[in-house]
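**Q** Sequences listed follow chains A and B, in order. Using the working numbering, you'd call the opening residue of the first sequence number 1 and step up by one each time. Using the working numbering, you'd call the opening residue of the second sequence number 1 and step up by one each time.
None of these hints come from the bench; they were simulated from the model. Bear in mind the structure is a predicted one, so any value in this text is a computation, not a measurement. C-beta atoms are modelled at their ideal positions from N, C-alpha and C, and glycine is treated no differently. Incorrect hints may have been included.
[What the hints assert, rightly or not] Once the Cα atoms are required to be at most 25 Å apart in a straight line, the calculated DMTMM-like pairs of lysine to aspartate or glutamate come out as:
(1) A:K139 / B:D58
(2) A:K139 / B:D91
(3) A:K136 / B:D91
(4) A:K136 / B:D119
(5) A:K130 / B:D92
(6) A:K139 / B:D119
(7) A:K136 / B:D92
(8) A:K130 / B:D119
(9) A:K130 / B:D91
(10) A:K139 / B:D92
[What the hints assert, rightly or not] Derived Cβ-Cβ restraints for the label pairs, each shown as a range:
(11) B:M1 / A:G58: 51 to 59 Å
(12) A:D85 / B:V89: 36 to 44 Å
(13) B:H47 / A:V23: 44 to 52 Å
(14) B:H47 / A:P68: 40 to 48 Å
(15) B:G24 / A:A125: 35 to 43 Å
(16) B:T43 / A:N95: 39 to 47 Å
(17) A:Q120 / B:P67: 24 to 32 Å
(18) B:M1 / A:Q81: 35 to 43 Å
(19) A:D57 / B:S22: 49 to 57 Å
(20) B:V89 / A:P68: 35 to 43 Å
(21) B:M1 / A:S87: 41 to 49 Å
(22) B:G86 / A:A125: 31 to 39 Å
(23) B:H84 / A:V23: 38 to 46 Å
[What the hints assert, rightly or not] Derived coverage of chain A by chain B (criterion: at least 3 residues anywhere in the stretch with Cβ under 8 Å from a Cβ of chain B; other residues may be distant):
(24) 10-20
(25) 55-61
(26) 94-104
(27) 107-119
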Amino acid sequence: MAGNVYCFNCYNEPLNQLNVNGVPFGTVTPAIGGWAATGGTVYTPLAVPVPRSKHGDGSGATFPNDMPTPLRINWDSWTVQTQIDISKIPNLSLNDDLILYIAINQLTLMSTRGFVLLTQPVSPAGQTPKAVALLKEFKGDHG
Amino acid sequence: MGNCYIFNPANDVLEVTLNNVSLGPIAAADPGSGYAPQSMVVTTARHDDGDGYLAIADPNLISISYPDDPNGMYGPYVVGICFHGGVSVADDLILYAGRSSATGPATVVVMNTRGFILDTQCSPGATLPKSGGDGAA
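Start from the sequences and build out the full structure, keeping to the hints where you can.
**A** Put into structure tokens, the structure is as follows:
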């Protein structure tokens with residue numbers, strides 16, 4: 001049985017829509033809640049399991065093994081449009097679960113044993129004036 | 001002072017040493033609960049004073065190991081963490097302690113609470129090489 005990619009929202013805002021392989025994942029909004037800002041699970045990212053598939057064409061919202069996976073990620077303040085290519089990762093069974101941490105400016109793909117398989121910078125687009133200003137400030141601090 | 005929340009994304013127990021102070025284990029992520037990572041919290045400070053704080057103004061060394069791995073073949077990994085501005089000592093920070101893979105880049109990522117991964121690479125002179133096995137998925 002094919003594994004899942006557990007997609008974690010590493011942000012306090014709910015991840016409203018997670019579009020995988022050209023198809024919205026799930027029917028619930030938000031797709032993934034934001035982390036708690038207080039309490040025992042503070043900053044603990046929340047996740048949804050998105051299925052993996054052998055082939056990409058017509059497979060719906062899955063992470064295919066034979067082609068890059070387009071991703072569109074929407075928060076209230078940010079939108080990220082990118083793709084991630086699982087097909088290039090060696091020694092990976094289709095049955096393996098994977099972990100994908102989604103931050104605003106980077107995707108981090110790991111095996112379930114915590115081995116980092118891929119880190120991929122992404123370019124967020126600010127959806128509010130405050131987000132645009134924050135991005136400018138961040139780039140000023142970190143290049 | 002702020003805090004740094006160190007998360008263990010792996011489904012193996014993780015032991016963390018920060019600036020030569022053992023912080024103890026972080027429980028494994030549970031596959032039954034969707035691999036939700038477990039965490040521990042340490043204090044951030046301007047300078048490393050030997051108490052196991054995460055120093056904003058000094059290079060940090062974090063060592064991660066997995067005691068359940070046979071013969072310690074996957075670690076410990078020692079990674080330098082340096083901050084390059086844009087971080088206040090009052091800020092909370094979030095650290096994901098991923099493992100090295102044979103071909104992968106740096107494995108410990110630090111982010112701020114605004115959702116941005118920070119550049120925490122140290123200059124080569126301040127970064128110890130990783131030790132132990134090359135790792136495998």
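**Q** State for each hint whether it applies.
**A** Now the hints, each set against the structure:
For the suggested pair A:K139 and B:D58, the alpha carbons sit about 22 Å apart, so the restraint of at most 25 Å is met. Between the alpha carbons of A:K139 and B:D91 the distance comes to roughly 18 Å, so the proposed pair stays at or under 25 Å and holds. The straight-line distance between the Cα atoms of A:K136 and B:D91 is roughly 19 Å, inside the 25 Å bound, and the hint therefore holds. For the hint linking A:K136 to B:D119, the alpha-carbon distance of about 16 Å falls within 25 Å, and the restraint holds.
Among the hinted pairs, A:K130 with B:D92 is consistent with the structure: their alpha-carbon atoms are about 20 Å apart, no more than 25 Å. As the CA atoms of A:K139 and B:D119 are separated by approximately 11 Å, the hinted pair is consistent with the 25 Å bound. For the suggested pair A:K136 and B:D92, the alpha carbons sit about 21 Å apart, so the restraint of at most 25 Å is met. The suggested pairing of A:K130 with B:D119 holds, with an alpha-carbon distance near 22 Å, which does not exceed 25 Å.
A distance of roughly 19 Å separates the Cα atoms of A:K130 and B:D91; the hinted pair therefore holds under the 25 Å criterion. Using a Cα cut-off of 25 Å, the hinted pair A:K139 and B:D92 holds, with the two alpha carbons roughly 19 Å apart. Our hint of 51 to 59 Å for B:M1 and A:G58 holds, since their Cβ atoms are close to 53 Å apart. For the pair A:D85 and B:V89, the supplied restraint of 36 to 44 Å holds, since their beta-carbon distance comes to about 39 Å.
For the pair B:H47 and A:V23, the supplied restraint of 44 to 52 Å holds, since their beta-carbon distance comes to about 50 Å. With their beta carbons about 44 Å apart, B:H47 and A:P68 fall inside the hinted range of 40 to 48 Å. For B:G24 paired with A:A125, a C-beta distance near 41 Å keeps the hint of 35 to 43 Å intact. Range check, B:T43 to A:N95: Cβ separation about 42 Å, and the 39 to 47 Å hint holds.
Between A:Q120 and B:P67 the beta carbons are some 30 Å apart, a value that agrees with the proposed interval 24 to 32 Å. In this structure the supplied range 35 to 43 Å holds for B:M1 paired with A:Q81, their Cβ-Cβ distance being about 38 Å. Look at A:D57 against B:S22: about 51 Å separates their beta carbons, and that is inside 49 to 57 Å. Restraint check, B:V89 to A:P68: a C-beta distance of roughly 41 Å satisfies the suggested window 35 to 43 Å.
The hint said 41 to 49 Å for the Cβ distance between B:M1 and A:S87, and at roughly 45 Å that hint holds. Distance hint check for B:G86 and A:A125: the Cβ-Cβ separation is about 20 Å, which falls outside the suggested range of 31 to 39 Å. Against the hinted window of 38 to 46 Å, the Cβ-Cβ separation of B:H84 and A:V23 comes to about 39 Å, which satisfies the hint. Counting residues of the segment 10-20 of chain A whose CB falls under 8 Å from any CB of chain B gives 4; the rule of at least 3 is met.
For the segment 55-61 of chain A, the stated coverage by chain B is not satisfied: 0 residues place a CB nearer than 8 Å to a CB of that chain, which falls below the threshold of 3. Closer than 8 Å: that is the beta-carbon criterion, and the segment 94-104 of chain A has 6 residues meeting it against chain B, so the requirement of 3 holds. Chain B is given as covering the segment 107-119 of chain A, and this holds because 11 residues of the stretch bring a CB closer than 8 Å to a CB of that chain, at least three being needed.
Going through the hint list in order, the structure does not satisfy hints 22, 25.
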